[in-house]
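Student: Chain by chain, the residues run as shown.
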Amino acid sequence: MNEEWLHRVVFAVLLLGAVIFTSFVGYEKRNNNARDVAHIGVMLALALVFGVLESFLPDFLLPGMRIGLANVVTLFVLYVYGFKKALAIALLKALLVSMMRGNFLSMGGYMALTGSLLSVLGMGLLRVLWKNCSVFGVSIFGALLHVLGQIMIALIYLGTPILGYLPYLLLMAFGTGALVGGLVFLLQKNRALKRYLSAK
Amino acid sequence: MKARGFWSKSRIVEACLIGTSFLLVGAVCLWLSLKDKSAANTADISLKGERLYSLTLDHQEEIDIPSDHGHILVDVDVGKIAVKSSPCPSQYCVHQGYKSHEGESIICAYEGLSITLRSVGGVEVIHV
Chain X
1 MNEEWLHRVV
11 FAVLLLGAVI
21 FTSFVGYEKR
31 NNNARDVAHI
41 GVMLALALVF
51 GVLESFLPDF
61 LLPGMRIGLA
71 NVVTLFVLYV
81 YGFKKALAIA
91 LLKALLVSMM
101 RGNFLSMGGY
111 MALTGSLLSV
121 LGMGLLRVLW
131 KNCSVFGVSI
141 FGALLHVLGQ
151 IMIALIYLGT
161 PILGYLPYLL
171 LMAFGTGALV
181 GGLVFLLQKN
191 RALKRYLSAK
Chain G
201 MKARGFWSKS
211 RIVEACLIGT
221 SFLLVGAVCL
231 WLSLKDKSAA
241 NTADISLKGE
251 RLYSLTLDHQ
261 EEIDIPSDHG
271 HILVDVDVGK
281 IAVKSSPCPS
291 QYCVHQGYKS
301 HEGESIICAY
311 EGLSITLRSV
321 GGVEVIHV
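First to last, the protein sequences are chains X and G. Throughout the first sequence, residue numbering follows this note's numbering, covering 1 to 200 in sequence. Throughout the second sequence, residue numbering follows this note's numbering, covering 201 to 328 in sequence.
Keep in mind that the hints were calculated from the coordinates and are not lab data. For glycine and all other residues, C-beta sits at the position ideal for the given N, C-alpha and C. Any given hint could be a false lead.
Calculated pairs, DSS-like style, for lysine-lysine (alpha carbon to alpha carbon, straight line, at most 30 Å) [claimed, not checked]:
(1) K209/G <-> K131/X
(2) K237/G <-> K299/G
(3) K209/G <-> K194/X
(4) K189/X <-> K209/G
Stretch by stretch, here's where chain G covers chain X in the computed footprint (C-beta under 8 Å, at least three residues) [as the list claims (entries may be wrong)]:
(5) 128-134
(6) 159-173
Some chain G residues well away from chain X (every beta-carbon gap over 12 Å; in silico) [claimed, not checked]:
(7) H259
(8) K280
(9) K284
Construct the complete structure from the given sequences, taking the supplied hints into account.
Tutor: Below, the structure written as structure tokens:
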């Protein structure tokens, strides 16, 4: 086994450990019931479906440019179920989608993972530091961090030429972030969904 | 008058912050798009951050670059360069067509390929 493969195996073990740990951390004894666990499962499935569906669509405008529909689920979970569960969903989604797309442990997989992780951490932190920030602001901030996380990995693999795309990707992130924020805003305002989620 | 509903003071600050950042990033994009670009005479081809070729754009040539998922075919022409074919699913690098100006680049994120164009006086030619 050469050194590169050893690195990959170590990284995979660490990654899986992190995901399992996050899943356990995301489990809260007091608030968890079978209904919540089922909801989280459905959310993860939805995030996976969106993630895989988007991978079938061609890039538009810029390489790697996507709307990030799966982030609707992550943001919704962040608002309804809290940070830990959103982190668990984002990590599992990035991991499983990259496995399904066949780019696990390659640049694409690392980009998705870093982008998702940075985005959820940033959105969670912003919600703590700025409690009155709207869902639009949180979503746009998350989208910008997602781009920055991906570019960090692309810089390692592709070098500085990728920086030429950074301003354009950031500009697009404002639009996609606002779109995702708008969808979550509509979901939050949906009375039927509100009633369903608050029913015991 | 005190702002009520969605447009509270905090929301106005937030909208201003988002608007300002958007305008700043937009201005950078506009500047990058409109700035004068001279014709390039050299192209650097790198795979996964490692430079494979640095060649002058004064001749016709097809370069076959082995990659993780197959072969990338790069078409070099007088004053321009393009990715002719690539095994990547999105084919974005191929659709970008020919690039001919200084500072422009072609990226294939799937294969880790980057082609950067520059303009230099004395040209070094490296074939690795």
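Student: It remains to establish, for every hint, whether it holds in the given structure.
Tutor: Results for each hint:
{"no.": "1", "hint": "K209/G <-> K131/X", "in the structure": "holds (13 Å)"}
{"no.": "2", "hint": "K237/G <-> K299/G", "in the structure": "holds (12 Å)"}
{"no.": "3", "hint": "K209/G <-> K194/X", "in the structure": "holds (27 Å)"}
{"no.": "4", "hint": "K189/X <-> K209/G", "in the structure": "holds (21 Å)"}
{"no.": "5", "hint": "128-134", "in the structure": "holds (count 4)"}
{"no.": "6", "hint": "159-173", "in the structure": "holds (count 9)"}
{"no.": "7", "hint": "H259", "in the structure": "holds (23 Å)"}
{"no.": "8", "hint": "K280", "in the structure": "holds (17 Å)"}
{"no.": "9", "hint": "K284", "in the structure": "holds (17 Å)"}
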